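Asks: Please construct the entire structure, taking both the sequences and the accompanying hints into account.
Chains as they are written, first to last, in the numbering used here: chain A, 1 to 628; chain B, 629 to 1040.
What you were told as hints is all true, and nothing was included just to trick you.
Simulated crosslink set (DMTMM-like; lysine to aspartate or glutamate; CA at most 25 Å straight-line):
no.: 1; chain 1: B; residue 1: Lys-931; chain 2: A; residue 2: Glu-253
no.: 2; chain 1: A; residue 1: Lys-311; chain 2: B; residue 2: Asp-945
no.: 3; chain 1: B; residue 1: Lys-944; chain 2: A; residue 2: Glu-379
no.: 4; chain 1: B; residue 1: Lys-944; chain 2: A; residue 2: Asp-447
no.: 5; chain 1: B; residue 1: Lys-1036; chain 2: A; residue 2: Glu-558
no.: 6; chain 1: B; residue 1: Lys-841; chain 2: A; residue 2: Glu-156
no.: 7; chain 1: A; residue 1: Lys-533; chain 2: B; residue 2: Glu-746
no.: 8; chain 1: B; residue 1: Lys-1036; chain 2: A; residue 2: Asp-487
no.: 9; chain 1: A; residue 1: Lys-150; chain 2: B; residue 2: Asp-941
no.: 10; chain 1: A; residue 1: Lys-533; chain 2: B; residue 2: Asp-945
no.: 11; chain 1: B; residue 1: Lys-931; chain 2: A; residue 2: Asp-447
no.: 12; chain 1: B; residue 1: Lys-846; chain 2: A; residue 2: Glu-156
no.: 13; chain 1: B; residue 1: Lys-687; chain 2: A; residue 2: Glu-156
no.: 14; chain 1: B; residue 1: Lys-944; chain 2: A; residue 2: Glu-435
no.: 15; chain 1: A; residue 1: Lys-155; chain 2: B; residue 2: Glu-663
no.: 16; chain 1: A; residue 1: Lys-315; chain 2: B; residue 2: Asp-945
no.: 17; chain 1: B; residue 1: Lys-944; chain 2: B; residue 2: Asp-984
Cβ-Cβ distance ranges computed for the label pairs, FRET-style:
no.: 18; chain 1: B; residue 1: Gln-990; chain 2: A; residue 2: Val-99; range: 41 to 49 Å
no.: 19; chain 1: A; residue 1: Asp-220; chain 2: B; residue 2: Val-963; range: 56 to 64 Å
no.: 20; chain 1: A; residue 1: Ala-98; chain 2: B; residue 2: Ala-874; range: 54 to 62 Å
no.: 21; chain 1: B; residue 1: Lys-640; chain 2: A; residue 2: Ala-318; range: 56 to 64 Å
no.: 22; chain 1: A; residue 1: Leu-607; chain 2: B; residue 2: Gln-990; range: 52 to 60 Å
Here are some chain A residues pointing at chain B (derived, C-beta under 7 Å):
no.: 23; residue: Val-445
no.: 24; residue: Phe-510
no.: 25; residue: Trp-524
no.: 26; residue: Gly-553
Read the hints as simulated data drawn from the structure, not as lab findings. Here the structure is a predicted model, which is why all the values come from computation and not from measurement. We treat Cβ as the ideally placed atom computed from N, Cα and C, and that holds for glycine.
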Amino acid sequence: MKMIFQKWLPPFLMFVMALWFFGNLQTPKDQDFAYSEFARLPITSNGRIVPLDSLARNSLLAIREKQTLNTEPWKGWNEHPRFIPATEWLANVMMNPAVADEWPAFRIDNPDLISLLKLPEKDAAKHSDGKHYSWNQLQPSLETFDKESKRVQNKEAASRTAYENAIVKLHDRLMVYAQLRNAVQPADVPDWPAELAAYETLIPFGVAAVSAQQAGRPYDQTNFNAFVAYIESFQFMANLEPPLILPPNGAREWRRMGAALLDAPRPNGVPIDNAVRDWAKMAGALEAKQPDGFNAALLDLRSQLVPAQAKAMAKARAEVFFNQMQPFYNAMVIYVLAGLLAIFSWFNLSETLRRSAVWLVWLAFVIHTIGLVYRMVLEGRPPVTNLYSSAIFIGWGACLLGIILERFHKNGIGLVVASGIGFLTLIIAHHLALEGDTMEMMRAVLDTNFWLATHVVAVTVGYASTFVAGFLALIYILRGFFTRTLDAATGKSLARMIYGIVCFATLFSFVGTVLGGIWADQSWGRFWGWDPKENGALIIVLWNALILHLRWGGIIRERGLVNCAIFGNVVTAWSWFGVNMLGIGLHSYGFTEAAFKWLVLFVASQLAFIALGLLPAKLWKSFRARPA
Amino acid sequence: MKQIVSFFTSLKLTVTLLAFSIVLVFVGTLAQADEGLYGAQAHYFKQWLVIGAHLFGHKVPLILPGGYLLGVLLLVNLISAHIYRFEFSRKKFGIQLAHAGVIVLLVGQLSTDMLAREMQMHFAEGETRGYSESASDYELDFVSGGQVTAIPEKLLKSGGELKIENLPFTILVRTNWHNSDLSFRAPMLSNAPPLTPNGVALDFDFHRTEDVKTTDQKNVPTVILEFLAPAGSLGAWVASDWTGDAALVEAVQNNYSPMGAGMAQNIVGRLVAPQAIHADGKTFTFTVRPARVRHSFTLTLLKATHTTYPGTDIPKDFRSRVRIDNPQTGEQREVEISMNHPLRYGGYTYYQYQMDAGQAAQAAGRKPTSVLSVVRNPGWLTPYVGCAMVGAGLMIQFLYHLAGFVSKRKTK
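Replies: Right under this line is the structure:
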């Protein structure tokens, strides 16, 4: 009986987790409004074709830092607050703002900002959780906010306080929301279909009135005024630069609704087409709570995309599937579980637990890989294109190295490395995703798959392997100092692993760094420019080379190697994130102040570990336990 | 002797040099926030000894070996260790190859530093250029009847005196400002006397400013000169890159355009009015401008395209279509230069650098222009060779160890 249990528990555990993962793939059924079909509609946003689902999730992430909306955040989880999916929220912001403007979608954390805007504190009776507020709640204080916002925008980003950063953040969030509110219709117009029809009828008379007025002839004042009012409101819509929701028509590429409405009266403009009317019908039906009308208009809009936009539709469909799959989130959960099992296996030395962890790490790795490859196919790019995807890829590479180590050593160490770094990097990726679209288009100079696939991948593998060496060193210190589990053989095998991985890291970080120089030579004619990102990569190479030479010269031994490898974590984190915070050079991208805080904490923690590692052997539990 | 050899071949020296390199690169990176990229390059990397640093807005007293010193010492260490310890064995081959690759890289970088020249070619659609302009060096040009005499700006030392063969006068350099600004001397408002009583100084005041710190800005030198002909002084004059560089002239025009297009045109007209002196029966016009290198062929910009992703300002592509005319070889062909696709021709490489085209230029009514970065670097191949050698060397070594590791486990 025990044998059977030991044999079948590991695959069984994996099977349960796999079932859980596939269970999440099911699309929730639409009750009345066909929101899940709406989610798959392709539009153009941020320079690329996306499904509305991605627009909804990215916008809600930007505004609320979550992919769903809790409409009753003041309720505890046991009181069952009502959650609505991102797409339903988006549909209402775009086409039924009267309802959406009441939802507490804006997250505001800064207490000074909350009091500036005279927003309610946490109070369930007043329906406030002290963190999430609605568009309508923000309106009364908008004038005060604008004044502060103008002042802060003129200030250099580096010298802003936390409160001022919160102002900038809220300003950006309000912009995102305002864009969505004006993507389909002028935000404050009730009964948009009727209004659109009125505008269409007015066009010939309005044009006549305006041209007569310009020629100095008598004209119809009523028509003139009404027409000018329309034009002004459409101009306002277009100037906000919302997403391009109208598919190409004739000579026109993807268009904004505002631009299309302004285009219609022009002499060679494209008249108002069915796509514009379908969007209006959807808006009208949503406002009047008529699911049938909404679904029919949506169906009509979709039928117009076939066949010209069949490719865009297929891509949008695939991206929605990817969004629902959430492979990185699911992999993260499984990594945690696997890592815990592997750590427990060290204490009671249970082979069953270790084998269970092996199966789970494999499952997480497979899901991680599926996500990585799916992203690459969606984007048509190599794995690393921005900071977000570098986190995903570092996790993936480290996990692969951990699995390989475990195959050779079978002592749970590789598993802890795989699940530990896998988990941490996916957490980092999750927070980086708050910055906006993670599949944004590549700027002209980066638009080369060859160099992204060689230089960037090699450098990122270098990062991943340096982190693996550092993580192994952390395990050495934690187990050696705090537990008795680090016997001489385990210590030696850890040191050998670290040494091997440092060799591997040297190879990849060197080749990657030099390839970066060659790319720079190809694209702007200089091999090396001492740019911060280049220097960061160079420091990793030099540090790894230094460790190897120290080891060869016998200047450091087992514990010296361990301490040096931990400092490799500091060096790599600096190159990965720190140099972006200098705000200079060709490679610097935006970063959040939170990232800076975490970087400082990380560096401090690593230095603390090195300090532990330097303590004399008699203070180490494992060394005391060893026979002299 | 033996001691010297063992010092230069020792691993301890390698380790020390690597450690210093890490410190230097780190300090030199942090300092960029205060000193700018160019400043930090000159202060830390293109330097033998670093004295003092600027970190986090403070001056920090420290002494470090500079980039040149570390590079040369590493090179000596590597080469001597290579010669001294070289033995041909399968076990060591990968490591030897990798280190030889590092030598190639270091030598290549030092030679690039000394031999490479960086220039620019700036043209609007339809224009033809037979020369490139330096991005950082300037020259004082005298033109007389089609003959050009160019004096590098570096030779114009404040208080110096120059006698050039082709010029029938002596040049006295009163001052040389490495970077300068100018302002228009509005009639009635400017009461202070002009810098010099001749030429452009009557309409403009020039003053000294601090040197630029970042790569996307340029210094604009201005010199005050006096010419001494055998017959007597030809007067004191101001010569400035502000008058000789088309991009700067345009910037001045844009700056004064709020006063009205006609007014701005008038001001710029005074700025670019040629300054001339007469000596020995000849007329010499002169100006300071970016140093030029003449090519034996010409490039003509046919079309500059700047595309963005739909509905955004994110640049998608910069592309210059250019015609090469080479009278020596009879070549006349069109090529396209874009990001990551440079043109290598006649010993020079032309890279797409900046562009003013697309909707923004169209809206402002400007002619599409393109700036190519022009580089002559005889050592451009060394990184490719060095990288291949190190990569292959480390790979061989790694596989050798891995094979050993795996077979050892199998026999266990």
